[in-house]
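Participant: 1 is the number of the first residue of the sequence shown in full-length UniProt numbering; add one for each residue after it.
I should point out that these hints are in silico values taken from the structure, not numbers from a laboratory.
Quick reminder that beta carbons are idealized off the backbone N, C-alpha and C, glycines included.
Check before you lean on any hint, since a few could be wrong.
Said to hold, decoys possible - Across the chosen pairs, the derived CB separations fall in these ranges:
1) Asn143 x Ala167: 40 to 50 Å
2) Ser8 x Leu120: 21 to 31 Å
3) Leu309 x Asn40: 41 to 51 Å
4) Asn344 x Ser295: 15 to 25 Å
5) Ala41 x Leu129: 31 to 41 Å
6) Phe264 x Phe314: 32 to 42 Å
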Amino acid sequence: MAQKHKVSALRIAGTYIGTIVGAGFASGQEVLQFFVFFGNAGLSGLVVVTALFILIGYMIMDLGRHIQAQSHLDIVRASSGKLLGTFSDLLISFFLFGTLSAMFAGSSALMSQQFGLHPLLGGFLMAGLTILTVLSGFNGIVNAISLVVPFLLLAALGISIVSLSMAPDKTPVKNAAPNIGFLRNWLWSAILYTSYNTVTSYGILGPLGARAKDRKAIVTGAVLGGLGLGLGACALFLALRHHFAASAFLEVPMLHIAGKVSPFAQILYGIVLLAEIYTTAVGNLYSFSARLAQSGCSDSRFVIITSALCAFLFSLLGFSNLVKYFYPAVGYAGIIILTSLVLNRKNPKGY
């Protein structure tokens with residue numbers, strides 16, 4: 001057992017960020033739809049999000065350490081009891097599958113917009129790479145995600161900062177588009193954004209806490225991870241507001257903004273975005289397949305491959321549609337799950 005407790009604070013932070021940051025985040029779709037459409041108030045929402053990421057990330061990992069979690073099922077059973085835990089388990093499993101599909105859809109949209117490839121090819125290639133990584137096991141997943149994350153954040157921050165020095169688009173944010181989907185105000189939007197992101201990360205953060213060196217590593221990892229996510233989101237927010245009129249209705253708006261900096265920056269950001277899609281896809285496929293394995297599916301390879309291929313088929317619904325409707329729906333249901341976590345984490349049920 002002692003061998004499992006070797007994950008450092010920096011790797012915890014990197015894995016946390018990499019699990020959350022995916023196609024929706026780095027493409028700009030999430031920040032655009034959840035925050036930019038609310039104007040200046042959207043920035044206040046991101047401050048709330050940063051604090052919530054730190055707090056909830058710590059709670060999930062600390063509970064995972066306490067109960068030695070192997071999947072999200074252990075977390076929801078400990079925090080929600082048998083009845084609500086079963087409901088939460090089904091919801092999270094569905095969310096993991098849907099978010100995995102969104103990653104494949106984002107890859108398809110990126111390949112089509114940036115490289116002119118057939119949309120199906122991008123999603124299929126990402127599915128194959130994700131399968132190979134998950135087959136390598138949990139340690140391979142942590143290594144892959146945590147090593148990629150610093151480059152992801154630096155690229156997002158760099159493109160955003162440089163783009164702010166360029167001439168802004170002229171259409172005011174408040175007049176450019178109505179608030180959409182299930183989002184009603186900036187605070188509620190911030191809560192939903194945190195909810196769906198953290199709920200779908202249960203399957204990685206719980207086992208990650210079980211493998212942490214100690215509680216101090218969890219605290220430090222949660223703080224660094226939450227701050228990294230908040231800083232990255234704020235940078236995207238400022239860039240998207242600055243260039244709103246030209247990018248608001250694109251599938252991958254940040255790729256367009258990178259193109260305004262230079263053709264090379266656009267290619268570089270396209271590669272970075274693919275890496276971010278990859279890190280989240282890996283986390284979601286691992287979490288989903290680990291849960292199915294706990295249901296008695298003994299052939300893990302078959303579970304992993306079949307799950308990824310089914311998610312690829314679901315991704316054909318389209319990337320922006322999944323962000324607009326599926327993500328907020330996940331957020332609403334996830335509030336129930338997170339409330340149980342906050343209320344019961346000190347006295348986990350069944351342990």
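Participant: With reference to the structure, classify each hint as holding or not holding.
Facilitator: Hints and how they fare:
no., hint, in the structure
1, Asn143 x Ala167: 40 to 50 Å, "42 Å, holds"
2, Ser8 x Leu120: 21 to 31 Å, "39 Å, violated"
3, Leu309 x Asn40: 41 to 51 Å, "44 Å, holds"
4, Asn344 x Ser295: 15 to 25 Å, "23 Å, holds"
5, Ala41 x Leu129: 31 to 41 Å, "38 Å, holds"
6, Phe264 x Phe314: 32 to 42 Å, "34 Å, holds"
The structure does not agree with numbered hint 2 stated previously, though it agrees with all others.
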